[in-house]
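Starting from the structure of chain R, add chain L where the hints point.
Number of protein chains: 2
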Amino acid sequence: MADKNFTPAELYDAWPVLSMEERVEGFEFLQREEADDFFLQLSARDRAQLVLALPPGERRLWIRLLAPDDAADLIQEAPADERENLLALLDDSTRREVKGLLDYAEDEAGGLMNTRYSRLRADMTVDEAIAYLRRDARQREKTVYYVYVVDAEEHLLGVVSFRDLIVAPGDNHVSDVMRMEVISAPDDLDQEALSQLFMRHHLLMMPIVDAQGRIKGVVNVNDIVQVVQEEATEDIQKIGGVATLEGPYLQIPLLLMIRKRAGWLAALFLGEMLTATAMGQFEAEIARAVVLALFVPLIISSGGNSGSQATTLVIRAMALGELRLRDWWRVIRRELVTGLGLGLILASIGLARILVWQGLFKAYGEHYFLVALTVALSLVGVVLWGSIAGSILPFILRALGFDPASASAPFVATLVDVTGLIIYFSIAAVVLRGTLL
Amino acid sequence: MADKNFTPAELYDAWPVLSMEERVEGFEFLQREEADDFFLQLSARDRAQLVLALPPGERRLWIRLLAPDDAADLIQEAPADERENLLALLDDSTRREVKGLLDYAEDEAGGLMNTRYSRLRADMTVDEAIAYLRRDARQREKTVYYVYVVDAEEHLLGVVSFRDLIVAPGDNHVSDVMRMEVISAPDDLDQEALSQLFMRHHLLMMPIVDAQGRIKGVVNVNDIVQVVQEEATEDIQKIGGVATLEGPYLQIPLLLMIRKRAGWLAALFLGEMLTATAMGQFEAEIARAVVLALFVPLIISSGGNSGSQATTLVIRAMALGELRLRDWWRVIRRELVTGLGLGLILASIGLARILVWQGLFKAYGEHYFLVALTVALSLVGVVLWGSIAGSILPFILRALGFDPASASAPFVATLVDVTGLIIYFSIAAVVLRGTLL
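Line by line, the protein sequences are chains R and L. So the first sequence is numbered by this note's numbering: it starts at 1 and just counts up by one. So the second sequence is numbered by this note's numbering: it starts at 1001 and just counts up by one.
Just so you know, the hints here were simulated from the structure itself, not pulled from any lab data. These numbers come from a predicted model, not from an experiment. Do not take every clue at face value.
Claimed, not checked - Listed below are several chain R residues computed to face chain L (Cβ distance under 7 Å; list not exhaustive):
no.: 1; residue: Val228
no.: 2; residue: Ala276
no.: 3; residue: Val290
Claimed, not checked - Cβ-Cβ distance ranges computed for the label pairs, FRET-style:
no.: 4; chain 1: L; residue 1: Arg1096; chain 2: R; residue 2: Arg121; range: 44 to 52 Å
no.: 5; chain 1: L; residue 1: Gln1076; chain 2: R; residue 2: Pro253; range: 27 to 35 Å
no.: 6; chain 1: R; residue 1: Gly100; chain 2: L; residue 2: Glu1022; range: 32 to 40 Å
no.: 7; chain 1: R; residue 1: Thr277; chain 2: L; residue 2: Asp1190; range: 47 to 55 Å
no.: 8; chain 1: R; residue 1: Ala105; chain 2: L; residue 2: Asp1190; range: 33 to 41 Å
no.: 9; chain 1: L; residue 1: Glu1181; chain 2: R; residue 2: Asp127; range: 29 to 37 Å
no.: 10; chain 1: L; residue 1: Gln1076; chain 2: R; residue 2: Ser426; range: 46 to 54 Å
no.: 11; chain 1: L; residue 1: Asp1091; chain 2: R; residue 2: Val167; range: 37 to 45 Å
no.: 12; chain 1: R; residue 1: Ala105; chain 2: L; residue 2: Ala1266; range: 43 to 51 Å
For each residue, glycine too, the CB sits at the ideal point set by N, CA and C.
Next comes chain R alone, as it looks inside the complex:
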């Protein structure tokens, strides 16, 4: 397969669409140094799949190329029955560190941290510190930007950057140069909160401490970019009504793809069946005034669309930390006004449409004005209700301990479809009593 001799960049681009065999072949073809760089560019999932596809004799080399946190991520992505074998490939000290990291949940600060970081004592001079770091840095694989100053029990006292040390006179003490207000995070902090801390303080690295204030490791901003990207993907998929996919679109096996989508789709379908029940209740009315049926899709979809808008805005604002549970009343007040405004706009368009069509085609019979009024009033009610339901549902889910992003656009639309029908036919019953009904 001479035509499969990819350059590293070509291989990276083609990766998502290659079979596992083709990947191994392309990877084995790379020069050793190219292969190192290439391996480090892959995501943890891709690394795990690749390492497991390589002959057992070659695996050790690649897993040992990784820092402990990356090795832990790789092992977490591997099937449960392969994990022990992979751990056995590490040297003793790394294996201990990796095992420590595997105890943390994947989505908390401890699960993101790197346990290899540089530390100094406060009473060293700057020259001593630089000499120490020169020796120390040669042994570390990862680039280090900040150095943490700790006491004998590893309590965090301060932080200096390499730049601070270079700029400072050599006979100063580390304690003179270090900054003492260090922003640190507890090891069980949720990764979404951690990334908000990073963004707010424009940090490159943050020390992670245990309940006693002892430093356990550091998190790099590069991992945070990944977290922000992944959390957004999760939220987007939930908003679209799909269970979170654990991989790129083209790489998900078709059966898994169907399963990931069928769950929500079937749940929504069961919910939506209530519309058939609701319509059944009004079957006599529809039989008497078929014209009412014509506007059913228009009215319920308007409620669904305004609900989608509201829920999307609220879910995202919550994820960005702009909205908290206690803001629910402010949100309802805003959505009352917004929903009313939007409902009136759609009602005017709907009213105009029916009157114009009636003028042109005599489409809606002698009671066309009452029909138009029914549609317009229903639109106000349904859009208002959609906006309020869509905005409040994420709060309810969150208060109950669920992910607010589960208040997906299709979920809200389904909820509003059922109630929208009831609103519509109830208004019709009042407005059209004695004429069409």
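Positioned in the frame of chain R, the structure of chain L alone reads:
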């Protein structure tokens, strides 16, 4: 208002819900050093609003606290008629830099870059380089992690980190220590592509070069976190069918909120009116078989939901660079299988529901089996069509030069509602001919 004496953290948390007056009051109350830190934590938009709300005499102080790229961002966020006044507050050299930055579009690499970075010549020794950087670093406000090696015309030759310099013997030359494969980006690169480069190579900083390979500035990973977050927010809002909001949910004035939502909602409403037209075409059929109307919401919403899923997955995969235009055929093939699978699942549920209800309540008349068959076949057709339409629409938008995220869930749902009705009533016409119709 002694009770408004916020600590900086309290003020930061309360910021989104405070009036502009309260913000100024809270800000003026902070100690000078606290106020500096606080100001630097704010977003560019918040900084611009705050600076403009301060008395003119105090503005200079705050805008001069910022690096040129941050000052440029602040000015970009200010109303057009205030920009000249704000520029006038800067010193001459910063003003020239800021004006250069303002020439770049906000969403391209040049618009994100910082023009203050450290550079070295290749023929310096490491000791000379460190001595130079010690002087140089004292003058820079921003922390510097990488130093770029350039020739006399500012062409980029290589990169060294502070750490590389500290670790290297002092009499080596910079050219011995520097890495020559520098990943750089052209100044007109789109910020989404730029952030993918950062993530792929785990970078902290990237030099930005012009068409001649001369370095123009650097972009920091901190700005990339912001970009990733903002792009995700934009996509989420578009997927939800809202024009992008330029600020936190609670801060958008209500009239603007209504305008941002009314545009899409009205457009969708106009599209959805076609459902009334389509239903009108089948009015005679509905009058003859009212039972058909009962399932209209169920069928069209199933198409809309499967369309939402497909469009959301494809839009996100495109944003992450997992799908490109040329993948459209692979996607259609996948959605054909997935849509068919999902359609069959919903059809089975629907069929079972109608048969059970018929058994329990005799709800659907003597031709209940044909009705059930109509519903089941329509579900297969509509879900299949929803999956394909939802997945292909982002490709069409992108090929035409629009943002694929505009293929929002409500947009796809509306498209599928109209076509779904046609599918349903066409199938009904065939299956029920001679019995109900």
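Item to check | Hints breached by this structure | outcome: 5, 6 and 11
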